[in-house]
Every structure is written in C-alpha cells, then in structure tokens.
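Okay, here's what each chain looks like letter by letter:
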Amino acid sequence: MNSFAGFVIKEFKQIYRDKRTLTVLFGMPVIMMILFGFAIRNEISNAEIGILDRSKDEVTHQIIQKLEATDAFQVRAYLQDVNEIEALFREGDIKEVVVFEANFRQKLVREQRADIQIITDATNPNLANLVQSYTANIIQDYVKALNSEDQIEQAGIMPKVRMMYNPELRSVNLFVPGLIAVILMLVSTLMTSISITREKEMGNMEILLVSPLKPYHIIIGKVLPYLVLSVVNVITILILAIFVFQVPFEGSYLLFFAEAGLFTLTALALGVFISSVASDQQTAMMISLAGLLLPTVLLSGFIFPVQSMPEVLQWISHIIPAKWFLIIVRGIMLKGSELLMVWKETLILIGMTVFFIALSLKKFKVRLQ
Amino acid sequence: MKSTIVVEINNVSKSFRQLKALKQVSFAVEEGELFGVIGPDGAGKTTLFRLINTLLIPDEGTLSVLGYDTVNEYKQIRPLLGYMPGKFSLYQDLTVEENLQFFASVFGTSVASNYELIKPIYHQLEPFKNRLSGALSGGMKQKLALSCALIHKPKLLLLDEPTTGVDAVSRKEFWDMLKMLKQEGISIIVSTPYMDEANLCDRVALIQKGSILQIDTPTSVVNGFTKPLLGVKASNTYQLLKALKSFPGSDSVHPFGEYVHYTEKDGEPDPKVLQDYLEQQGLQNVQIKLMDPAIEDRFMDLMHTAEEV
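Sequence order for the protein chains is A and B.
So my numbering is basically just the index in the first sequence, starting at one, shifted up by 180.
So my numbering is basically just the index in the second sequence, starting at one, shifted up by 856.
It should be emphasised that the hints constitute simulated quantities derived from the structure, not laboratory data.
Owing to the predicted nature of the structure, the values given are computational and were not obtained by experimental measurement.
One or more hints might be untrue.
As a list, the in silico SDA-like pairs of lysine to any residue whose alpha-carbon atoms are at most 20 Å apart [said to hold, decoys possible]:
hint, chain 1, residue 1, chain 2, residue 2
1, B, K943, A, Y258
2, A, K394, B, E929
3, B, K931, A, L548
4, A, K545, B, Q957
5, B, K876, B, P935
6, A, K545, B, S871
7, B, K1098, B, P1111
8, B, K1089, B, K1101
9, A, K545, B, V927
10, B, K975, B, K1011
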C-alpha cells in the first residue's frame, strides 16, 4: 500500500473512532441551526411603542390601528406633548415613539404629503434600526392600500425605506449563511489545527517526519477527512434551512457549493497554518477559537452589521474570510446572485486561500527546528 | 569481517537559546554494535538522538550516519532509520494491528514482507492484536513501538529511553529483544537513565550536562573505578548518610538500593574503625561489607571529578 493512502486511511479511522467528537461535529450544526432559528431572533415581537398624535384624525387612527394590529408592536402610551418623549424613553421600556404632525389628513389630501416622525431608542442600534424599518414598512403598506382604495393620487407619507429580499426581516435568513461560515471554521480550522498539533504533542510527528511521507502528504492527509465532514455539515444546514425554516434559495446550487468548497479550503488552509505556528493542542485551540472564531462571529457581519461598526473594526473585518463568504452566500441565497455579481469577493477568498497554503507549506518544517 | 562505522560524530555542539544542550561531543558507532548512551534526565540524550536522526541540525561539528551527512543528505538517511522517540506513544485510538499496518504502509512496505524480523517480538502481542494500543500496559506498548520501528527493516535503530517507565520484567525482555536484533546485524543506539542497563550494551557513552564523560565497554568503565568500595547498611538510612559524611576522611557517600556506597579519600577504609564510629553515633544494626563497584559508582565518580574541574 502506498504511504499516502495508508496515512489517509489512518486519519479516517481515528476520526471515526472518536465518537464523542464526531457526535459534536455532526450534532453542532443541527443544534446551532435550531438555536439561531428559534431562540435567538432579531425579529421584533411586542416592542413597546408610544404615539404622539397631534392630528387625531381618521388617517392617523387607521395607521395606529395597523401598528397595533401586528404582533411586532404594542402601543403602551399616548402622549400629548413633545416634551414627554424624553421622559418616556428614560423609563427604558419604550423602543419607539411615532409622531404624527398636526392636521395630518388635511395636509395629506391638500398637499399630497404629510410627515411622520419616528424616534427610536438607539441604545440598541440593531433593535432601533429594526423597529424603525418595520414601522416604515407598515406605514408604506397602508399608503399603498390608501392609494388604491381612495384614489388619492400618490399620497406621500413616507420615510423612504423599503426592505428588499427579506421583507419580513426574518433573522433566520441572515443567520444561515453566517452559521455555515461558523461551522466550517469550527470543523475545518479548529479540528485540522488540533489534529496536526496532536501528532506533534504525542511525539508521533517525529516519526512521520523521519518517514518517507512528504510534508504535503501529511497536510493533505490531515485535511481530506475534514473536507468531507464539512461538505456533510453544509448539506445538513442547507436542508434544515430550506425545509424547516423555509429560507428562500434564489440562486444556483452549483455556485453555492463551489463557493462553500472554496471557503472550506480557506478555513482548512488557516487550520494548517495555525498548526504550523502552535506547538501543542491547547495553543492551537486558543488561536482557533479566540483568534478566528470570535472575529468570525462578531466582525463578519454574521450578527452585527459591518456598516454599523467603528471604522477601525470595519477595516479589520476586511481581513476576515467569513465576511466575504457571507456577502457571497447571502447574495446567492437571498438575491439569486450569479458569479458575475460576486466575483470580487470570490477572488479575495481565492487570494487568501492561496496565501495561507503557500505560507503553511513554507512554514511546515522537515525538521524539528 | 572488517567492521565499518555507521555513525560518526565530530565535535558536535548544539544550543537552544541560552542552554547548551551538547558541548563538543565526538564518538563513533560501529556496524552491528549495541551502543548505550547513559545519563540522567536533561543530560542531552534526546538532543543527541535528534541530531543523529536528522531532525536537528548541529550548531557546530558534523554528523555522518550510514555514510551520509545529516545536514545535506538527510533524505537518504531517513528511510534507513528505525526511530523510537522518547515521548512516542503510538496511536492510542488504533488497535495493535492497525498501528503496525500504519507504520508499515507509511514506510512503503507491508507487515507480511518483514514479519520474520519482528515475529519474536510481535508474537507476544498477537493475542491482543485487536485491542486499542491505548489499553496496553507500558511494557506491551514499548514492544509494539519497537515492532513499528522495525517494520521497514532499518539499518540503524535509534531508541530514545525505550525502557523508561516500564516494569523490571518487561525491561529485561526488552533488552533480550535488542540482543536478538543485534544478532540480525542491526546496529542499535539506545539511551537510558538506568545504570544497570549499561552492562547489557557493547559499549557505553556516559553523558552528563551535554558532555561525554567516558566511552568504553561497560567492564572497562567499571574497571576505571579503582578505590576500594564499602557497602554500609543500618536501620536508619538518613542518619547513616549524615554520619558517613561527617566521618573524617570520607570521600563519596551514595545511597544505592539496600546499601550506602562509601569510599575514603586516601586508600583503604578500615571497616572495624568505621563500624565503631557509626555505633558511637547511635546507629543500630550496622553492617559493612566490601563491594564490587558497579557502573553507577564510576558514573558518580566521573561526574564528581567533572564538576570539580
């Protein structure tokens, strides 16, 4: 049997024997998917809002009713004066105050435009953003209905916001691509770096180095099983996303899998690179978790939008592979992007992968020093 | 038959940052020899092995293994070596048989083609061939590791502390196997912190703090110890050690097993005078006998002299 085949068989056997890790690796995507899908939601439900209605006419009443009718909002206070707004926010429970200007309907009919002011508590910017867009959406729906029913020409009550691609603002749609990135980072980067450093720690690397195995044999042999595992995990997440959470999939599956494969390679290359720097499993794990997984979760746009970060962090986010992968996958899944629309991001990922593979091949020593 | 040199080491030094692991080491190992490297932990044994197996490059000096230079021709050397690192622990999650098969395949051979060589060692393990190697006893693990190191019929076997942490019976069995491999014509370099194993080697190098103290056959090493040696025993060893050290003219006092080994600075100690002195010091059941020096006595002696210089 040739030495490379022997090495790969051994790797698969070892992974297969380690039932606990295997359960975690296969179970994690499912558990995370369910957690993110059901428990950790960015949707608003029962957000408490206040209303300052200076007009108190038919139109404003209807809009307020619309707002109340959704599960998203719960009108908790009706204000009489602008000065009360600040005090209300200070209490802390109110997320938003909607202000209708005086003579709302009159203005709407006569001048074809009327203003609504939406004031949000931006201590939680994500929530504020969400609440605001949600409100705008509801108002817009109303205006649309108004236009068709009452034939009022282009009644313009509008904060000009439209939510494309994810009109219900379902967070699961956004989480799925991020989740794929995190899982791939965990399986590929963390597991590969641990598996290679384990050989070093147990002293077996000395024998492998003395053996006729070439450095790239060892690296590919280590990486191959995790590549297979990653593909299985991506498929699991995709099936759950589409069939359990009804996440839309607009683009091409072929492109999706090609990009996912590319990102897996990036993650594996990173794992190999980490193992060439770290001398034991502990260090490898720390680097993978603190140095890669955390930034992937926090800075890639997975949970917090990159645009709302300070500029420094936005710069840092550029060097995080997951950020580019997220742009690509969100594009493919939600917008139906084709390669032409994501080629720049794809090129960046390819560049990163080549860079790390070259670096680790160079750093992988044929000796101990 | 003319003997040839398999390993030649010339003035080799190696440092790790501030630590001088090896200082100006030179020696040669002949073909078919069972060569022992004896020294305490931290003496530089492992560094020496890693220099020989090409995993480390010397700071100074040259090493030639099986006629090849370890720096430039490491690719020719590596397939000819059978190496068992000190830390080597096999793959605990693979079975005995799988471990052996793995090392056979990695070295481009099969278990069947070299079975004859490892048979005497491996047949003891065969009843457990489906057991995970992590579940083997220490002695069994070392036998399996030896089988794995031998599976590609190496010309030179490098064993770094193969018997450390192994019980006495397994240690003896292990050395019996080494003797048998020597008969097969394989040159072996083995390191050990156990002095008693030195007698089983053809030649030994005594190493301490990165320097070689002496290289010779075990008998000659022991013969280098010329002072008369007394073995002293009493019911309280700690008190005995203190008393012996305070005795006028006392030179070396080392506890080895049952007896405390004792020499005097000038010539022959008088057991009777010593016995009286010790009993005066309040020690009971004092027994004194003349002893044959062993290799550890010589080692302590050499170490002592090296430190004085």
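Quiz item: Can you list which hints this structure breaks, lowest number first?
Solution: Hint check: 1, 4, 5 fail, others pass.
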